[in-house]
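Participant: The chain contents come next:
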Amino acid sequence: MSASALRIETYLWLAQRVSALILVICITVHIATMIIAVQGGLSSEEIIARIGGSKIWLSFYLVFVSSVAVHAPIGLKSIMREMSQIPTNRIDLLSILFSLIIGVLGIRAAFGLYGLGGA
Amino acid sequence: MSNDLINVSIWRGGEDGEYQTYQVPRLESQTVLDVVTYIQRELDPSLSYRFACRVGVCGSCAMTVNGKARWTCRTHVSKVAEGGQLTLDPLNSMPRVKDLVVDMETFFNKWADAKGSFKGDKTRDDALAYISPDDPKRKISSAGIECIGCGACYATCDVIKWNPDYLGPAALNRAWTLVNDERDVTGLERLAAVAGDNGCLGCHSQQGCVERCPKSLNPTGAIAGLKRETIKAVLKGELS
Chain A
1 MSASALRIET YLWLAQRVSA LILVICITVH IATMIIAVQG GLSSEEIIAR IGGSKIWLSF
61 YLVFVSSVAV HAPIGLKSIM REMSQIPTNR IDLLSILFSL IIGVLGIRAA FGLYGLGGA
Chain B
1 MSNDLINVSI WRGGEDGEYQ TYQVPRLESQ TVLDVVTYIQ RELDPSLSYR FACRVGVCGS
61 CAMTVNGKAR WTCRTHVSKV AEGGQLTLDP LNSMPRVKDL VVDMETFFNK WADAKGSFKG
121 DKTRDDALAY ISPDDPKRKI SSAGIECIGC GACYATCDVI KWNPDYLGPA ALNRAWTLVN
181 DERDVTGLER LAAVAGDNGC LGCHSQQGCV ERCPKSLNPT GAIAGLKRET IKAVLKGELS
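Chains A and B, in that order, are what the protein sequence lines are.
Quick note on the working numbering: the first sequence kicks off at 1 and runs consecutively.
Quick note on the working numbering: the second sequence kicks off at 1 and runs consecutively.
FYI, nobody ran anything at the bench for these hints, they're computed from the structure.
Quick caveat, the model's predicted, so the values are computed rather than measured.
Misleading hints may appear alongside valid ones.
Below, in silico cross-link-like pairs of lysine to aspartate or glutamate (EDC-like), each with a Cα-Cα straight-line distance of 20 Å or less [claimed, not checked]:
hint: 1; chain 1: B; residue 1: K137; chain 2: B; residue 2: E229
hint: 2; chain 1: B; residue 1: K236; chain 2: A; residue 2: E9
hint: 3; chain 1: B; residue 1: K161; chain 2: B; residue 2: D113
hint: 4; chain 1: A; residue 1: K55; chain 2: A; residue 2: E45
hint: 5; chain 1: B; residue 1: K119; chain 2: B; residue 2: D184
hint: 6; chain 1: B; residue 1: K215; chain 2: B; residue 2: D113
hint: 7; chain 1: B; residue 1: K232; chain 2: A; residue 2: E9
hint: 8; chain 1: B; residue 1: K161; chain 2: B; residue 2: E211
hint: 9; chain 1: B; residue 1: K161; chain 2: A; residue 2: E82
Beyond 10 Å from chain A on every Cβ pair, some chain B residues (computed) [said to hold, decoys possible]:
hint: 10; residue: E15
hint: 11; residue: E42
hint: 12; residue: D103
hint: 13; residue: F107
hint: 14; residue: D197
Just a sample of chain B residues kept apart from chain A, beta carbon distances all over 12 Å, derived [as the list claims (entries may be wrong)]:
hint: 15; residue: L27
hint: 16; residue: E182
hint: 17; residue: T230
Every residue, glycine too, gets a C-beta built ideally from N, C-alpha and C.
Use the sequences and the hints to build the structure in full.
Facilitator: Following this line, the structure appears as structure tokens:
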């Protein structure tokens, strides 16, 4: 295997571990907030009132969705490599596509919520 | 069935074949290898299997015993024959040659691919290297060097079933012992050989190899060490 391919595989492996570390923190904050905030039932008004217009929550969810967009496609790539007969170059393409979809949808949602609240 | 007999089902044939059943007298302190030897000598001389030392040194008698890879010379029937039944298959993940014999060429070639041979730079005229048994790197190396190459870890590893190019626990464990051998000079060449998804990064840390190693070695730990060292080398730009 070429040195550049080895480097890419290693960086992807590392990126998945680092994104996992970030996700542990993000998911803990996300779920803890849900449990603490949702006492009398979940309502969109409540969510928008809390998150909308807040630069802190916007930054938090941008980091969250970016980590998901890095973490999940690398895992999916390994699963497809090990469990399917799909050729490697197509697996790489599918993984990049999956990353872009998650990333774009997630960032759009984060900005969407931010835009709904505040003064 | 009488308690004095063991019912033994053995895979006969190569990739295509079927189980054949034999009744073997139950003896005290009987090993699975004793059972197979009895069948070959007394019941069916056409049965093929491998063994050499009979005392857990050579690593040639490993088979799948009731679904698990084991060294048969040190496996007592009393510990594995539930209900007096033994089912014997060749090792998984290696091409079947005949009956209980597998082709181990790929398995051993992967040791060579992982740069599993020692390469020093001293001659017979140089002084012997002084390495204390308490040296931390020597201790790491010593923890992995008792591998007998039986293939039980390789046959148990799920990653090899999914990715036949994966080097496997035995070859990677061997590489890790040499990475920590201060007399060896292969260095980065070996790290490059064991890096990547077909090397140490392919391991899912399921630890089936640790569970099944008859010598109680820890190939998963060795692979984790290789992950650390190869990643450090990549980040420093040394693997190019």
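Participant: Against this structure, judge whether each hint is valid.
Facilitator: Hints and how they fare:
Using a Cα cut-off of 20 Å, the hinted pair B:K137 and B:E229 holds, with the two alpha carbons roughly 13 Å apart. Distance hint between B:K236 and A:E9 is fulfilled; the C-alpha atoms sit about 15 Å from each other, no more than 20 Å. For the hint pairing B:K161 with B:D113, the CA-to-CA distance comes to about 18 Å; that is within 20 Å, so the pair holds. For the given pair, A:K55 sits about 18 Å from A:E45 by alpha-carbon distance, which is consistent with the 20 Å threshold.
Simply put, B:K119 and B:D184 have alpha-carbon atoms about 5 Å apart, close enough for the 20 Å limit, and the pair holds. With a CA separation close to 23 Å, the supplied pair B:K215 and B:D113 exceeds the 20 Å bound. Between B:K232 and A:E9, the direct Cα distance comes to roughly 14 Å. Compliance with the 20 Å bound is thereby established for this hinted pair. A hinted pair counts as satisfied when its Cα atoms are at most 20 Å apart, and B:K161 with B:E211 qualifies at roughly 17 Å.
With a C-alpha separation of about 9 Å, the suggested pair B:K161 and A:E82 falls inside the 20 Å cut-off, and the hint holds. Every C-beta of chain A lies more than 10 Å from that of B:E15, the closest at about 20 Å, which supports listing it as non-interface. Even its closest Cβ contact with chain A, about 44 Å, leaves B:E42 beyond 10 Å, as expected for a residue assigned away from the interface. Non-interface status of B:D103 relative to chain A is upheld: no Cβ of that chain comes within 10 Å, the nearest being about 23 Å off.
The beta carbon of B:F107 is kept farther than 10 Å from every beta carbon of chain A, the shortest such distance being approximately 20 Å. A cut-off of 10 Å between C-beta atoms contradicts the statement that B:D197 is not in contact with chain A; the least separation is 5 Å. No Cβ of chain A approaches the Cβ of B:L27 within 12 Å, the least distance being about 44 Å, so the stated non-interface status holds. With a closest Cβ-Cβ approach of about 25 Å to chain A, B:E182 is found to remain outside the 12 Å limit, as its non-interface label requires.
The claim that B:T230 is not at the interface with chain A is violated, since a C-beta of that chain comes within 12 Å of its own (minimum 7 Å).
Violation of the numbered hints given earlier is confined to hints 6, 14, 17; the remaining hints are satisfied by the structure.
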